[in-house]
Amino acid sequence: MKLPKLYEPSQYETDIYTMWEKAGVFEAQPDKEAERFSISMPPPNATGHLHVGHALGIALQDTMVRYNRMQGKDVLWLPGTDHAALATNAIMEKRLADEGTNKHEIGREAFVDRLKEFIEGSRGTIRGQIRAMGASCDWSRERYTLDGALNRCVNETFVKMYNDGLIYRGHRIVNWDPNLETTVADDEVVHVEETGQFYTFQYGPFQIGTARPETKFGDKYVVMHPDDKRYKQYKHGDTFEAEWINGQVTATIIKDEAVDPKFGTGVMTITPWHDHTDFDIAERHNLDKVQIIDFHGKLMPIAGEFAGMTIAEGRRLVVKKLNEKGLLVKTEDNYSHSVAVNDRGKGIIEPQIKLQWFVDVNKPVVDWKGKKSSLKEVMQAVVRDGDVDIVPARFDKLYFSWIDNLRDWCISRQIWWGHRIPVWYRTNAEDEVQTFAGVQPPVDDQSEGWHEWEQDPDTLDTWFSSALWTWSTLIDPSLASNFDMSMDDILNASPDFKAYHPTSVLETGWDIIFFWVARMILTTTYMIGEVPFKTVYLHGLVRAEDGQKMSKSKPETTINPMDVIPVYGTDALRLALLSGVSPGNDQRMSIAKITAQRNFCNKLWNIARFVEDKLGDDFVLESHAKATNHADHWLLTKLQQTTDTIASDLENFRFAEAYDKLYHFVWDDFADWYVEASKMELNPQVLAHSLQSILIIAHPFAPFITETIWQTLAWQGDSMLAVAPWPATVKTNPNDAKVFDEIIVVVTEVRSLMTELNLHGSKLYYHNVPFLKENAELIKKLTKLKDVIDVKSGLGLQLVQTKYKAWLDVDSSTIKAHQLQLKEQQARLGDVVKSLEARLANKNYVKQAPKAIVDQTKDQLSENKQLLEKIAAQQARFASGI
RNA sequence: GGGCGCUUAGCUCAGUUGGCUAGAGCAUCUCGUUUACACCGAGAGGGUCGGGGGUUCGAGUCCCUCAGCGCCCACCA
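Heads up, the first sequence stops at 882 in the working numbering, and the numbers go up one at a time, no gaps.
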């Protein structure tokens with residue numbers, strides 16, 4: 001089979017992927033005696049779409065996975081999706097609102113059923129997109145964070161922690177999102193700068209400042225720093241009467257070091273129910289806490305006439321009333337402060353005191369190494385002692401500083417979508433409560449006087465289940481429903497778990513090091529006594545060309561992988577992502593970068609076309625290629641060096657460096673020098689052997705084009721490149737290679753000299769300088785010429801021109817050949833022009849693809865049309881001129 | 001307030017533990033009658049490696065310092 005002249009990726013990619021998948025070459029083989037390499041794919045949202053950040057992760061992971069597979073290891077890359085509790089829940093709530101109903105109306109069961117249905121219908125999208133990226137993951141082992149087996153693991157973990165006293169339920173101040181009506185984790189709260197008014201009010205003898213007058217109804221404490229001299233005469237615990245919003249109140253003086261004497265008047269009132277700092281102060285002094293704002297974000301009855309109002313409305317009217325009472329001292333505009341919002345959904349956070357479930361990170365228990373330590377200490381030790389390596393190492397510091405500031409982890413959420421908390425309650429007539437925490441629901445024993453068991457209505461933080469991802473996905477799902485078996489029994493009876501855990505590498509973005517990485521370490525060491533992974537490789541953000549974050553609000557700068565793939569090919573996208581990557585650093589992406597890598601793919605294609613053309617269909621590849629000339633020795637030496645350094649770069653996570661070496665070997669060494677040389681003196685075995693090796697070492701980076709070429713190589717039989725072994729080391733003698741290095745130096749110098757002497761009639765190629773051996777003398781003269789003669793003087797010029805013409809024996813057959821070639825070029829370019837025109841004529845393409853891609857295509861088209869004309873002109877000149 | 005990162009060619013960035021004349025891609029300019037490739041080939045120009053100081057036989061690389069940019073965490077009555 002001959003390769004067509006143009007490589008159109010979209011014509012091959014789907015078929016190639018289907019071929020791999022059908023043959024089962026991505027499936028792990030735990031029975032095989034081999035070294036293991038395993039990666040858990042960070043599960044994307046089941047209802048999500050692939051964005052360029054996912055594409056980067058997949059490109060990196062797939063490169064590692066394919067490389068290790070070719071190294072002969074038994075590889076598992078386990079794909080999966082996440083139920084993304086909060087995000088998915090919000091989508092359904094919105095959908096219900098659009099239908100004019102809400103979750104309370106349809107009820108919990110119907111709500112969950114509708115979500116299941118919705119996810120079933122939409123999860124195919126992300127699966128297809130992961131396939132389009134060429135991900136060589138094992139689909140037979142795909143998992144979902146809400147699978148039954150995973151639920152078993154979640155419940156087991158919860159119950160074990162509960163029994164160890166690591167999980168407790170308590171009234172604590174939490175980040176409450178009144179919009180979504182749920183708790184939000186500390187890490188999911190982001191602070192946004194906002195300007196507003198800052199008010200100063202008279203409060204008894206004091207002046208207090210606030211940006212939130214609407215929370216001040218219940219205020220009956222004034223707090224000041226114990227060392228503040230201005231308020232020396234007031235003692236801790238003194239009381240006074242003050243006229244306030246709804247009449248007189250009795251206030252108590254509290255001295256606490258949390259107050260900054262330099263801020264405002266150095267005196268403040270506190271709202272313990274709705275502020276973290278105030279809550280802490282109230283806890284320290286055992287003060288009353290009063291709820292002012294309800295869970296829907298409305299003012300409570302304590303607000304009196306303001307009850308039921310929203311925050312904004314209440315604020316305006318409270319200020320008005322206090323002003324009328326003469327208590328407003330001053331209003332400062334343009335007061336800049338940060339407002340806490342939910343990272344998902346962007347709703348403003350109103351802290352509330354709520355009964356919630358927490359994981360205690362400070363309580364010492366027996367850890368995985370048999371010592372008494374808290375979860376915090378284990379998380380620190382695992383990284384400090386090198387049980388887990390973070391790449392790049394500088395993120396250790398970030399990790400440690402996060403743990404230092406870590407508070408107890410609030411794991412309960414008031415939404416319906418997710419793993420339900422495995423705790424049940426029942427009450428009796430005396431209002432006594434029994435609590436039961438278990439992997440399975442309690443058996444209703446119909447005890448006298450007790451009502452039925454009812455499960456806790458809350459669900460768990462998504463990250464609680466994600467934190468179990470590496471091992472909960474490896475247990476045998478058929479055993480998970482067997483409650484006669486303990487978790488340990490199940491683990492021991494699961495071949496995948498035995499073979500692939502701990503996983504080799506976790507590849508993810510550094511932005512989820514807290515949410516996910518740290519928590520995986522926490523729960524995995526706690527539950528199964530193993531680290532979840534040995535190495536964490538952190539990638540950065542893929543930014544737009546201008547350095548800005550890609551965002552939905554700026555579609556013109558956003559690069560969507562699914563727009564790029566049909567036009568430039570998956571390989572080009574992957575190469576563009578890999579060529580700019582360095583661990584932990586952001587990178588910029590642009591169509592220009594992708595184009596450059598598309599060109600590289602095209603280069604590979606044409607190299608293959610050349611080789612296949614030279615070798616013919618009957619070619620048989622021998623197991624060893626024997627070098628017969630200097631160029632062979634040189635190439636084989638370079639090939640070996642390249643193969644070795646790519647291997648070591650990949651093993652050390654230097655992806656961009658590895659690809660850079662491949663790129664230059666293929667383009668500079670192989671295409672520009674060896675292929676040119678082989679036009680002079682062909683060594684079919686070396687040529688074929690090198691092409692084969694290039695396809696292998698390029699495969700982890702660009703799987704589709706390399707496999708496509710491989711499939712057309714008659715001498716490969718039915719084999720698949722995806723499972724071809726990495727090239728064995730070939731001993732080469734660098735001394736034999738040196739001669740060709742010298743030839744390169746000379747040819748390069750002569751080329752440069754010729755340009756300088758204005759000898760533009762032709763170019764010097766290796767294959768039209770067979771004189772290199774015989775005419776060594778001449779070359780010497782030429783190279784010296786540069787120093788000896790004045791370039792512009794006619795004498796030197798003439799000499800060189802005369803000699804030059806003699807080298808190039810142009811006869812009628814080469815002229816004819818060239819004429820043919822021009823025609824071919826014209827035809828090829830015509831094809832390119834046609835395909836570009838067709839693309840631009842497609843209304844969907846012009847409408848849906850980002851502007852950058854459409855513009856690029858337009859530019860390309862006009863450029864190619866010009867080239868067509870140029871070639872036609874050349875041809876005409878050539879035909880008439882000789 | 002605490003911490004991290006970046007600053008190298010017009011642009012985007014490599015440069016592993018200090019060691020050939022500081023590299024690449026894109027862009028620019030010149031040239032192109034080559035039987036793989038115009039999505040190509042050959043050649044050229046372009047850098048006081050942010051400023052200053054230090055260590056060293058030797059510094060883009062290590063240390064100190066200053067400046068600019070970006071980010072994270074904490075606080076924000």
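If you are wondering where the hints come from, they were derived from the structure by calculation, not from laboratory data.
Mixed in with the good hints there might be a few duds.
To be verified - Here are the computed lysine-lysine pairs in the DSSO-like style, where the Cα-Cα straight-line distance is at most 27 Å:
| hint | residue 1 | residue 2 |
| --- | --- | --- |
| 1 | Lys626 | Lys661 |
| 2 | Lys320 | Lys298 |
| 3 | Lys554 | Lys593 |
| 4 | Lys865 | Lys851 |
| 5 | Lys554 | Lys116 |
| 6 | Lys661 | Lys32 |
| 7 | Lys330 | Lys593 |
| 8 | Lys262 | Lys220 |
| 9 | Lys321 | Lys346 |
| 10 | Lys847 | Lys858 |
| 11 | Lys103 | Lys116 |
| 12 | Lys330 | Lys232 |
| 13 | Lys372 | Lys346 |
| 14 | Lys116 | Lys321 |
| 15 | Lys321 | Lys298 |
What the hints assert, rightly or not - Cβ pair distances, simulated, as ranges:
| hint | residue 1 | residue 2 | range |
| --- | --- | --- | --- |
| 16 | Glu33 | Tyr425 | 35 to 41 Å |
| 17 | Ala841 | Thr14 | 22 to 28 Å |
| 18 | Gly24 | Lys369 | 21 to 27 Å |
| 19 | Leu868 | Lys552 | 47 to 53 Å |
| 20 | Glu109 | Lys369 | 18 to 24 Å |
Here the structure is a predicted model, which means the values were calculated and not measured.
All residues carry an ideal CB built from backbone N, CA and C; glycine is no exception.
*Which of the listed hints are not met by the structure?*
5, 6, 7, 9, 13, 14, 16, 18, 19 and 20
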